[in-house]
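Chain L: place on chain Z using the hints.
2 protein chains.
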Amino acid sequence: METILEELTTHLGEINDLESINALLEWDQITYMPPQGATARGRQMATLSTLVHTKHTDPAIGRLLEKLHTYEEQLPYESDEASLIRVARRDYEQWIRVPSAFIAEFSNHLSESYTAWLAAREANNFTVVQPYVEKTLELSRQYSTFFPGHDHSIDPLINLSDYGMSAATIRSLFTELRQHLVPIVHAISEQPAIDDSCLHQYFPEDQQLAFGNEVIQRLGYDFERGRQDKTVHPFMTKFSLGDVRITTRIDENYLNEALFSTIHEAGHALYEQGINRAFERTPLAVGTSSGVHESQSRLWENMVGRSEPFWHYFYPRLQAAFPQQLAHVPITTFYRAINKVACSLIRTDADEVTYNLHAMLRFDLELALLEGTLHICDLPEAWNARYQTDLGIVPSDDRMGVLQDIHWYMGYIGGAFQGYTIGNILSAQFFEAAQKAHPTITSEIAQGEFDTLHNWLRMHIYAHGRKFTADEIVAQATGQPLSIEPYMNYLRSKYEKLYIL
Amino acid sequence: METILEELTTHLGEINDLESINALLEWDQITYMPPQGATARGRQMATLSTLVHTKHTDPAIGRLLEKLHTYEEQLPYESDEASLIRVARRDYEQWIRVPSAFIAEFSNHLSESYTAWLAAREANNFTVVQPYVEKTLELSRQYSTFFPGHDHSIDPLINLSDYGMSAATIRSLFTELRQHLVPIVHAISEQPAIDDSCLHQYFPEDQQLAFGNEVIQRLGYDFERGRQDKTVHPFMTKFSLGDVRITTRIDENYLNEALFSTIHEAGHALYEQGINRAFERTPLAVGTSSGVHESQSRLWENMVGRSEPFWHYFYPRLQAAFPQQLAHVPITTFYRAINKVACSLIRTDADEVTYNLHAMLRFDLELALLEGTLHICDLPEAWNARYQTDLGIVPSDDRMGVLQDIHWYMGYIGGAFQGYTIGNILSAQFFEAAQKAHPTITSEIAQGEFDTLHNWLRMHIYAHGRKFTADEIVAQATGQPLSIEPYMNYLRSKYEKLYIL
Numbered sequence: 001m002e003t004i005l006e007e008l009t010t011h012l013g014e015i016n017d018l019e020s021i022n023a024l025l026e027w028d029q030i031t032y033m034p035p036q037g038a039t040a041r042g043r044q045m046a047t048l049s050t051l052v053h054t055k056h057t058d059p060a061i062g063r064l065l066e067k068l069h070t071y072e073e074q075l076p077y078e079s080d081e082a083s084l085i086r087v088a089r090r091d092y093e094q095w096i097r098v099p100s101a102f103i104a105e106f107s108n109h110l111s112e113s114y115t116a117w118l119a120a121r122e123a124n125n126f127t128v129v130q131p132y133v134e135k136t137l138e139l140s141r142q143y144s145t146f147f148p149g150h151d152h153s154i155d156p157l158i159n160l161s162d163y164g165m166s167a168a169t170i171r172s173l174f175t176e177l178r179q180h181l182v183p184i185v186h187a188i189s190e191q192p193a194i195d196d197s198c199l200h201q202y203f204p205e206d207q208q209l210a211f212g213n214e215v216i217q218r219l220g221y222d223f224e225r226g227r228q229d230k231t232v233h234p235f236m237t238k239f240s241l242g243d244v245r246i247t248t249r250i251d252e253n254y255l256n257e258a259l260f261s262t263i264h265e266a267g268h269a270l271y272e273q274g275i276n277r278a279f280e281r282t283p284l285a286v287g288t289s290s291g292v293h294e295s296q297s298r299l300w301e302n303m304v305g306r307s308e309p310f311w312h313y314f315y316p317r318l319q320a321a322f323p324q325q326l327a328h329v330p331i332t333t334f335y336r337a338i339n340k341v342a343c344s345l346i347r348t349d350a351d352e353v354t355y356n357l358h359a360m361l362r363f364d365l366e367l368a369l370l371e372g373t374l375h376i377c378d379l380p381e382a383w384n385a386r387y388q389t390d391l392g393i394v395p396s397d398d399r400m401g402v403l404q405d406i407h408w409y410m411g412y413i414g415g416a417f418q419g420y421t422i423g424n425i426l427s428a429q430f431f432e433a434a435q436k437a438h439p440t441i442t443s444e445i446a447q448g449e450f451d452t453l454h455n456w457l458r459m460h461i462y463a464h465g466r467k468f469t470a471d472e473i474v475a476q477a478t479g480q481p482l483s484i485e486p487y488m489n490y491l492r493s494k495y496e497k498l499y500i501l
Numbered sequence: 001m002e003t004i005l006e007e008l009t010t011h012l013g014e015i016n017d018l019e020s021i022n023a024l025l026e027w028d029q030i031t032y033m034p035p036q037g038a039t040a041r042g043r044q045m046a047t048l049s050t051l052v053h054t055k056h057t058d059p060a061i062g063r064l065l066e067k068l069h070t071y072e073e074q075l076p077y078e079s080d081e082a083s084l085i086r087v088a089r090r091d092y093e094q095w096i097r098v099p100s101a102f103i104a105e106f107s108n109h110l111s112e113s114y115t116a117w118l119a120a121r122e123a124n125n126f127t128v129v130q131p132y133v134e135k136t137l138e139l140s141r142q143y144s145t146f147f148p149g150h151d152h153s154i155d156p157l158i159n160l161s162d163y164g165m166s167a168a169t170i171r172s173l174f175t176e177l178r179q180h181l182v183p184i185v186h187a188i189s190e191q192p193a194i195d196d197s198c199l200h201q202y203f204p205e206d207q208q209l210a211f212g213n214e215v216i217q218r219l220g221y222d223f224e225r226g227r228q229d230k231t232v233h234p235f236m237t238k239f240s241l242g243d244v245r246i247t248t249r250i251d252e253n254y255l256n257e258a259l260f261s262t263i264h265e266a267g268h269a270l271y272e273q274g275i276n277r278a279f280e281r282t283p284l285a286v287g288t289s290s291g292v293h294e295s296q297s298r299l300w301e302n303m304v305g306r307s308e309p310f311w312h313y314f315y316p317r318l319q320a321a322f323p324q325q326l327a328h329v330p331i332t333t334f335y336r337a338i339n340k341v342a343c344s345l346i347r348t349d350a351d352e353v354t355y356n357l358h359a360m361l362r363f364d365l366e367l368a369l370l371e372g373t374l375h376i377c378d379l380p381e382a383w384n385a386r387y388q389t390d391l392g393i394v395p396s397d398d399r400m401g402v403l404q405d406i407h408w409y410m411g412y413i414g415g416a417f418q419g420y421t422i423g424n425i426l427s428a429q430f431f432e433a434a435q436k437a438h439p440t441i442t443s444e445i446a447q448g449e450f451d452t453l454h455n456w457l458r459m460h461i462y463a464h465g466r467k468f469t470a471d472e473i474v475a476q477a478t479g480q481p482l483s484i485e486p487y488m489n490y491l492r493s494k495y496e497k498l499y500i501l
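Protein sequence lines correspond, in order, to chains Z and L. Quick note on the numbering used here: the first sequence kicks off at 1 and runs consecutively. Quick note on the numbering used here: the second sequence kicks off at 1 and runs consecutively.
Just chain Z, with the same shape it has in the complex (with noise of 0.2 Å):
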């Protein structure tokens, strides 16, 4: 049995291998590719994909599989071999749906796919990217078809990002999470807008740099398996357990822009980074779901690094980095500047509170185009449409509204943007258990010592990569189903205090 389950390792590590560079590609391009690397690019992705895609469904594997069916069954369900085993067997059963040919034409369209959408967003008009968005719509919907029996043509795309989550119970989430959240955010807006001048001045790039990897290194961030460079639009992504990168965006006049999608990013990498080294090479070793790494990001940047213990440490820190700009600011001042609500138009500037109105929104565009009530030439106006609703301003341009987010333009529609708010739902839900095992952590972060949560956090999430599902590790941390109650807890006790509601 251990030299089938070699073998079938073997195979797992060259896909993982193969995968691995295809996310080298990726960050090349996005990072330092010249433009006129572009197309050459997008048909060697394609090339790749086809050759990952062979791998994902040589029948050997399925062979493979079979034999380790017995064996499998005898051990714990929680063992490495059974959960190797068990992860193995699904994705392939889910690849081998899939035809090649599908594979090698969506990869090739989203290269090009992609280069429109930078064009557009140059040109800041969406229909110069429109019929690539249409082609993506298409394909996503034809990519559900692969999958029948599903209750709604989302689902399996969700399957892709948040496995064993669906359209209905999003739904029924999202909507009590709408019902406890507007009134906050009515009760907010009419209390009078807080100072954020502060962060409004000229703070040059290079120091704004320094003092990101400042903090991220604080953080537990490890430098020599990793790095962070500038891009457009900030991610984090993986070539191995070794090399975990992530990338920033900077406003100059502007100081939350770098400060808070550099912690977002190293959530995401403290989450990378911290899976068992044993996994390496295989399909356990990266992050469950997206709303688990959604809530490492989350948990970082808003528990943490938004929090007054935090800048308790780093203030003054961040003050003797931009003397000029910052010493006659008073702590309180910055804490409450960096956490203003404000209904706003982009998703990744957005403050806590209203920042699912902005997810939830996509999501349900999504299902619209999905379900056929929404074309693509109407997509910008149902858009603006929805930023009137919800949030009670619309987008100047498509730039600031419907061209934002990289998500349609480099990827399916659908299943993209409801990980963002089960992120935040998970994020406080998770602090929550870690404080209650370790009550000194928030003294901790006050002097700077992260150690403690992290090591939780890593003990209980990120070691288990892949092993077990976003329930699975939600109910083994937390002792409790996903819930929204720690959420709006966390929401109601802060945001109470900064507007005295």
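Hints are computed from structural coordinates only; laboratory data are not their basis. Note that beta-carbon positions come from the ideal geometry of N, C-alpha and C, so glycine has one too. Errors might be hidden in some of the hints.
[Said to hold, decoys possible] Away from chain Z, derived, C-beta distances all over 12 Å, residues of chain L: (1) Ala40; (2) Thr50; (3) Lys55; (4) His69; (5) Glu81; (6) Leu110; (7) Gly149; (8) Pro316; (9) Gln324; (10) His328; (11) Val329; (12) Lys340; (13) Gln435; (14) Glu449.
[Claimed, not checked] Quick list of in silico lysine-lysine cross-link-like pairs, DSBU-like style, CA-CA up to 35 Å: (15) Lys340(L) x Lys67(Z); (16) Lys230(L) x Lys230(Z); (17) Lys55(L) x Lys55(Z); (18) Lys436(L) x Lys55(Z); (19) Lys55(L) x Lys135(Z).
[To be verified] Taking CB as the label site, the calculated pair distances span: (20) Asp206(Z) x Pro330(L): 45 to 51 Å; (21) Leu118(L) x Asp206(Z): 31 to 37 Å; (22) Ala278(L) x Glu7(Z): 42 to 48 Å; (23) Val182(L) x Glu214(Z): 56 to 62 Å; (24) Asp229(L) x Thr10(Z): 31 to 37 Å.
Quick look at chain L alone, frame taken from chain Z:
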């Protein structure tokens, strides 16, 4: 027939994609990869190499080539189709002769040898790496046996980089060159040394990079299809005809280092960027040989970049970039400084006149090793003896001597060094032909205009890619066979003036 050719092109295109991907993995490894990414990167490259080898030796290619045989013979030799089939056949016949077990063994051996070389450099002791070099020599000999019928065991190794050349022709070429070179070196060494202290000042990195980029952009390097990064050892690499990158190395206390390595690598890049775009994704889309490639890096670096007219245009700009360092240095002083001749120990730092002595002595050592008249254990002593004879100086240790170049520790022994000298010879032959065709080239260079020269090179050399062999390119472009005459004329007329011989 066109369907069969298309089928072949598809096969070759996939190989080209995978090889381009491998080049990106290498580029990233050397430029930006964090230290802990190395192990996984090695595995990923091994997985990719196995795939590439399988594709190169796919019997389907052999069958397609067989079917295309008559078709090829009916086409004009210089047609793109015939050339593609011809070059693909040459590659295929080379690949299938080498057993995949040998490739795997050699590749494994090289990574061990490379590690041992690093340790040997660290210890400054050749014996640390000696057993590895012994095995490399054995494997290099074995490689030759896969190609029976050669005159000298180095010939199949030379064919890898300088197709069509042989020990016999290179030996007589080098003997002739040495006879002419040595008296010049002697004559120069009897003249007073040139003062190059103006180059040994503090030149800040950012300004050096900016000036280098300005220069190569003016020469014709297309930054839309490339970029420049920093590495320990400068190199040029290519991921497609739309993505040709270079790297440079900066010494803030010595101006020559970055400046001429940037122009040198840009010369390689101009070649690759100038290849007919129709050849993209085929085996024709690369420079034809190591010698012709080096002729272009050396032509732009020396014939152009170290010439008087070049600095007539660029020196005022250089002075403007570094006023404190150069405002009071006359152009003649600067021009003499960048052309200073001095017998030295490190090949890559050598001046134009002595450079070939370094390359040719390595070639002779390779011959003696392969012939068995020199044993690896005696290599350091033989190396030092040749430096005494040829350059009049002896390395003080192995690091300054036999351990300095990576070639014998990361590749075959044999075929590694002849290209450098052939490149120097050809650089003058091509430059002379271009000037004969366009006598205005020199005066254009003095005005910072490089289009006439660039276009001539593109038309006669670059555009053809690998369509013609080095010999064919030389004959077509210059109307002559390979000859040292233009090179010796160039050196004599330049250095007689500089050193008043």
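Checked hints:
no., hint, verdict
1, Ala40, "violated, 3 Å"
2, Thr50, "violated, 9 Å"
3, Lys55, "violated, 10 Å"
4, His69, "holds, 28 Å"
5, Glu81, "holds, 21 Å"
6, Leu110, "holds, 19 Å"
7, Gly149, "holds, 36 Å"
8, Pro316, "holds, 30 Å"
9, Gln324, "holds, 23 Å"
10, His328, "holds, 32 Å"
11, Val329, "holds, 32 Å"
12, Lys340, "holds, 36 Å"
13, Gln435, "holds, 31 Å"
14, Glu449, "holds, 24 Å"
15, Lys340(L) x Lys67(Z), "violated, 72 Å"
16, Lys230(L) x Lys230(Z), "holds, 17 Å"
17, Lys55(L) x Lys55(Z), "holds, 15 Å"
18, Lys436(L) x Lys55(Z), "violated, 57 Å"
19, Lys55(L) x Lys135(Z), "holds, 32 Å"
20, Asp206(Z) x Pro330(L): 45 to 51 Å, "violated, 37 Å"
21, Leu118(L) x Asp206(Z): 31 to 37 Å, "holds, 33 Å"
22, Ala278(L) x Glu7(Z): 42 to 48 Å, "holds, 44 Å"
23, Val182(L) x Glu214(Z): 56 to 62 Å, "holds, 59 Å"
24, Asp229(L) x Thr10(Z): 31 to 37 Å, "holds, 35 Å"
Checked against the numbered hints above, the structure breaks hints 1, 2, 3, 15, 18 and 20 and satisfies the rest.
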